[in-house]
Amino acid sequence: MNILNVQELGKSFGKFEAVKGVSFSVEKGESFSLLGPNGAGKSTTINMITGLYPPTSGSIQITGVDVIKNPKQAQKSIGVVPQEIALYETLSARENLKFWGRMYDLSGNALEKVVDEVLEIIGLTDRAKDKVSTFSGGMKRRVNIGAAILHKPEVLIMDEPTVGIDPQSRNHILETVKRLNNEGMTIIYTSHYMEEVEYLCERIGIIDHGELIACGTLRELRESIGDRSRIIISLDNEGSHHLEISSLLEGLAVEKDILIKDKLLTVFHKEPQAILSELIQLVTKDGTKITSVEIVEPNLESVFLHLTGRSLRN
Amino acid sequence: MRRILAIAWLHLKELFKSPGTLVMMFILPGLFGWIFGGISIESGQTKPVIDVVMNEEEHSTEIFNLLKQNEHYQWNKATLKEAKEHVEEQDTVAAVVIPTDIQQKVVENQPLLDVILRSKTEDYLALEPHLQGTANLIIRIHHTVEESNSTTLPDMLEAAATSKGVAIEKQTIQKDGNNPVEMNLMFVGFAIMFMMFGLSGAASTILDERIGGTWGRLMVTPASKLQISLGYLIAYFLMGWIQFSVLMIAMNLLFETTWGNLTYMIPFASLVILCVVGFGLMIAGMVKTKQQAGAIGAVLIVSTCMLGGVYWSIDLVPEFMQKISLAVPQSWAMSGFKEIISGSLHPATLIKDTLALLGFTAGFFLIAIRGITFK
Ligand SMILES: Nc1ncnc2c1ncn2[C@@H]1O[C@H](COP(=O)(O)OP(=O)(O)OP(=O)(O)O)[C@@H](O)[C@H]1O
Ligand SMILES: [Mg+2]
Numbered sequence: 000m001n002i003l004n005v006q007e008l009g010k011s012f013g014k015f016e017a018v019k020g021v022s023f024s025v026e027k028g029e030s031f032s033l034l035g036p037n038g039a040g041k042s043t044t045i046n047m048i049t050g051l052y053p054p055t056s057g058s059i060q061i062t063g064v065d066v067i068k069n070p071k072q073a074q075k076s077i078g079v080v081p082q083e084i085a086l087y088e089t090l091s092a093r094e095n096l097k098f099w100g101r102m103y104d105l106s107g108n109a110l111e112k113v114v115d116e117v118l119e120i121i122g123l124t125d126r127a128k129d130k131v132s133t134f135s136g137g138m139k140r141r142v143n144i145g146a147a148i149l150h151k152p153e154v155l156i157m158d159e160p161t162v163g164i165d166p167q168s169r170n171h172i173l174e175t176v177k178r179l180n181n182e183g184m185t186i187i188y189t190s191h192y193m194e195e196v197e198y199l200c201e202r203i204g205i206i207d208h209g210e211l212i213a214c215g216t217l218r219e220l221r222e223s224i225g226d227r228s229r230i231i232i233s234l235d236n237e238g239s240h241h242l243e244i245s246s247l248l249e250g251l252a253v254e255k256d257i258l259i260k261d262k263l264l265t266v267f268h269k270e271p272q273a274i275l276s277e278l279i280q281l282v283t284k285d286g287t288k289i290t291s292v293e294i295v296e297p298n299l300e301s302v303f304l305h306l307t308g309r310s311l312r313n
Numbered sequence: 000m001r002r003i004l005a006i007a008w009l010h011l012k013e014l015f016k017s018p019g020t021l022v023m024m025f026i027l028p029g030l031f032g033w034i035f036g037g038i039s040i041e042s043g044q045t046k047p048v049i050d051v052v053m054n055e056e057e058h059s060t061e062i063f064n065l066l067k068q069n070e071h072y073q074w075n076k077a078t079l080k081e082a083k084e085h086v087e088e089q090d091t092v093a094a095v096v097i098p099t100d101i102q103q104k105v106v107e108n109q110p111l112l113d114v115i116l117r118s119k120t121e122d123y124l125a126l127e128p129h130l131q132g133t134a135n136l137i138i139r140i141h142h143t144v145e146e147s148n149s150t151t152l153p154d155m156l157e158a159a160a161t162s163k164g165v166a167i168e169k170q171t172i173q174k175d176g177n178n179p180v181e182m183n184l185m186f187v188g189f190a191i192m193f194m195m196f197g198l199s200g201a202a203s204t205i206l207d208e209r210i211g212g213t214w215g216r217l218m219v220t221p222a223s224k225l226q227i228s229l230g231y232l233i234a235y236f237l238m239g240w241i242q243f244s245v246l247m248i249a250m251n252l253l254f255e256t257t258w259g260n261l262t263y264m265i266p267f268a269s270l271v272i273l274c275v276v277g278f279g280l281m282i283a284g285m286v287k288t289k290q291q292a293g294a295i296g297a298v299l300i301v302s303t304c305m306l307g308g309v310y311w312s313i314d315l316v317p318e319f320m321q322k323i324s325l326a327v328p329q330s331w332a333m334s335g336f337k338e339i340i341s342g343s344l345h346p347a348t349l350i351k352d353t354l355a356l357l358g359f360t361a362g363f364f365l366i367a368i369r370g371i372t373f374k
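As you go down the protein sequences, you meet chains A and B in turn.
Just so we're aligned: the first sequence equals residues 0 to 313 in numbering that gives the first Met the number 0.
Just so we're aligned: the second sequence equals residues 0 to 374 in numbering that gives the first Met the number 0.
Since the hints were made in silico from the structure, they are not lab data.
Quick caveat, the model's predicted, so the values are computed rather than measured.
In this text, a Cβ means the ideal position worked out from N, Cα and C, and glycines have one as well.
Be a bit skeptical, because a hint or two may be false.
[Said to hold, decoys possible] Under the rule of at most 30 Å between Cα atoms (straight-line distance), these lysine-lysine pairs were calculated in the DSS-like manner: (1) B/Lys224 - A/Lys151; (2) A/Lys71 - B/Lys224; (3) A/Lys19 - B/Lys287; (4) B/Lys12 - A/Lys112; (5) B/Lys287 - A/Lys14; (6) A/Lys14 - B/Lys289; (7) B/Lys67 - B/Lys80; (8) B/Lys224 - A/Lys130; (9) B/Lys224 - A/Lys112; (10) A/Lys130 - B/Lys289; (11) B/Lys16 - B/Lys287; (12) A/Lys71 - B/Lys12; (13) B/Lys287 - A/Lys71; (14) A/Lys128 - B/Lys289; (15) B/Lys224 - A/Lys14; (16) B/Lys12 - A/Lys128; (17) A/Lys128 - B/Lys16; (18) A/Lys130 - B/Lys16; (19) B/Lys12 - A/Lys75; (20) A/Lys284 - A/Lys260; (21) A/Lys112 - A/Lys130; (22) A/Lys112 - B/Lys16; (23) A/Lys130 - B/Lys287; (24) A/Lys68 - B/Lys224; (25) A/Lys75 - B/Lys224; (26) B/Lys12 - A/Lys151; (27) B/Lys12 - A/Lys130; (28) B/Lys224 - A/Lys19; (29) B/Lys83 - B/Lys67.
[Stated by the list, open to error] Cβ-Cβ distance ranges computed for the label pairs, FRET-style: (30) A/Asn1 - B/Ser302: 56 to 66 Å; (31) A/Phe12 - B/Ser223: 23 to 33 Å; (32) B/Asp314 - A/Thr55: 50 to 60 Å; (33) B/Ala361 - A/Ser58: 34 to 44 Å; (34) A/Lys14 - B/Arg209: 19 to 29 Å.
[Stated by the list, open to error] Computed footprint of chain B on chain A, listed as stretches where at least three residues anywhere in the stretch have a Cβ under 8 Å from a Cβ of chain B: (35) 48–62; (36) 81–87.
This is chain A alone, in the form it adopts within the complex (with noise of 0.2 Å):
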């Protein structure tokens, strides 16, 4: 059973189209993410399925809830982590979980008692009387979750968790997200971070430019490029190797396969090993020097590369 379903969803801010026809649907108990760069859309999609964003043209349905027409109803199941830290600062963590869980209906004991929960989930107990803004960036992060799951949600939806925290704040955020996911909570994530992705997601899509450039699980999109290796090879010169690596790789790989940019040449192949001394050869020929050579298995950072010739970080 699909828990959400989003069909050829757009969103226009004036003439900027910043989310262009998105389709997909996530099943119950799923772990979905949204994969993309900054600026790709991922907030705007988000925001769109939260009920933020009226959508400029498609539809939503969660749990078989219209989103668009009934907003409110669909809000009762589901529960949303913003890109911002939406919290108020002045008051306190337990002061600020009581806030949102009342927003959810919650009240009296109960209230009380999953407040506490949570803050054991995430793992501020003993920091629940203090003030959010004597908090650091990851413990506000957490608390931001928290906020979201008091009212235990079928889904939770979270716009970049981890953005802008130390390692520990964030693997502990991962786990959190896991073990929700393990227990049955659908997840749908956005990350610009392929590793997370790859650790917590069972289905992927990749956003670029507000259009959804693949869909599928790890391995599908794996597959997708060929399940092929990358060779990074740094140069000190952009040199003029094109062609010839192509004739190199001929039958191989198509041009697609092969990109240089600011002195870096990347290079997709089945098997690395196999062509690695004779590009080296041919890189070298006329003169141009080698800084380093990498060989990189198959992964999200793979799939982007190959689809938009850019790099997920920038």
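Given chain A's structure and the hints, the job is docking chain B with the ligands onto it.
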């Protein structure tokens, strides 16, 4: 309902945790009230002083009591020497000497009271009719005593001093009632102005909330727009009332001011506070950042308060200014408060003030809602 109260409670709590707002809402206006209130009380207390030079005769005490009925002056007993010195040093307006041979003076039609003064100041000119009246009274009483012969002059004078029928007394009551109304209105004016500052500051936190993300988060909870708006509204309304009542009670304790009939005061003040909340939200709806709200708010608040007679009575300004003042809500608020505090409660004026304020409130909220939802 729970959600509404939770939102209202949250924002009240936030407010009381922000020192800046507290200073703006309570400390500053308290200081203003204290200073300005102190000044007007001081000037109220320094009544012009008149020395009265007494003698041993029984009638002099009674005449002193007669004179003392005019409460606009402070009447002190003094010796002739002291009195002359005080006049010389301008410590007193004048000195009145009660003659020992008053009966003879009446008979011979000589001036009854000797007055020592340095120059005819305004205070003295205001005093003159009272002295004249007192003298006339003494003469008339003397004639009555002559005719009836049944009572002595001092007895009659005493009767006159304690009688309520004297015209002066009425005048005294009227003037007495007027000054505190002016002063109380000044406090109300301060309260309105600082409420405008306080509430427009509070309302502009909505702008921070938009940027900070709590606004967006609130929007994606099951809380409806109506619940959210009511929550904020109640919070600001209560903030306004807390501020208003704290200031009013403080002024009451400090200066023993009175606020008229509370059955009128409370609903009218509620309307004024609602109007101020609308004003604050309107500013929040017109601008993009809290800083802009602060700047525009300050300009709008100070200028409209000036026009609306918050700093000085609207009766003191030229006619065309009085006309302009009708375009700002403060003038209607002050007019209504004046009716209530003075106790005159003129129905037509009160109804007009109420309707005007309702109009302003509705207008402010309309602009606020458009501004806040269309951004
Ligand atoms: N309210 C808005 N008005 C105008 N343009 C907007 C608005 N919100 C987003 N955009 C534009 O839409 C595009 C997509 O923005 P969005 O925030 O969805 O990206 P994102 O994938 O979430 O990026 P990031 O990783 O930086 O959060 C951007 O070019 C952004 O400038
Ligand atoms: Mg984003």
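Under the criterion that the straight-line Cα-Cα distance not exceed 30 Å, is the pair A/Lys75, B/Lys224 satisfied?
holds, 15 Å
Could you grab the alpha-carbon distance between B/Lys287 and A/Lys14 and see if it respects the 30 Å cut-off?
holds, 22 Å
Hey, B/Lys67 versus B/Lys80, does the alpha-carbon distance stay inside 30 Å?
holds, 21 Å
Within 30 Å, alpha carbon to alpha carbon, are A/Lys284 and A/Lys260?
holds, 19 Å
For the pair supplied as a hint, A/Lys19 and B/Lys287, confirm whether the alpha-carbon distance does not exceed 30 Å.
holds, 29 Å
Hinted pair B/Lys224 and A/Lys19, Cα distance within 30 Å:
Since the Cα atoms of B/Lys224 and A/Lys19 sit roughly 28 Å apart, the hinted pair holds (cutoff 30 Å).
Has the given pair, B/Lys12 with A/Lys128, been kept, meaning a C-alpha gap of at most 30 Å?
Judged against 30 Å, a Cα distance of about 15 Å means the pair holds.
With a cut-off of 30 Å on the C-alpha distance, tell me whether B/Lys12 and A/Lys75 pass.
The hint holds at about 26 Å.
Holds or violated: are the alpha carbons of A/Lys130 and B/Lys289 at most 30 Å from each other?
holds, 22 Å
Starting from A/Lys68, check that the Cα of B/Lys224 is at most 30 Å away, please.
holds, 15 Å
Okay, A/Phe12 versus B/Ser223 on CB: inside 23 to 33 Å?
26 Å Cβ-Cβ, so the 23 to 33 Å window holds.
Can the restraint linking B/Lys224 and A/Lys151 be considered satisfied, given a maximum Cα separation of 30 Å?
It holds: about 23 Å lies between the C-alpha atoms, which stays within 30 Å.
The structure shown violates none of the earlier numbered hints.
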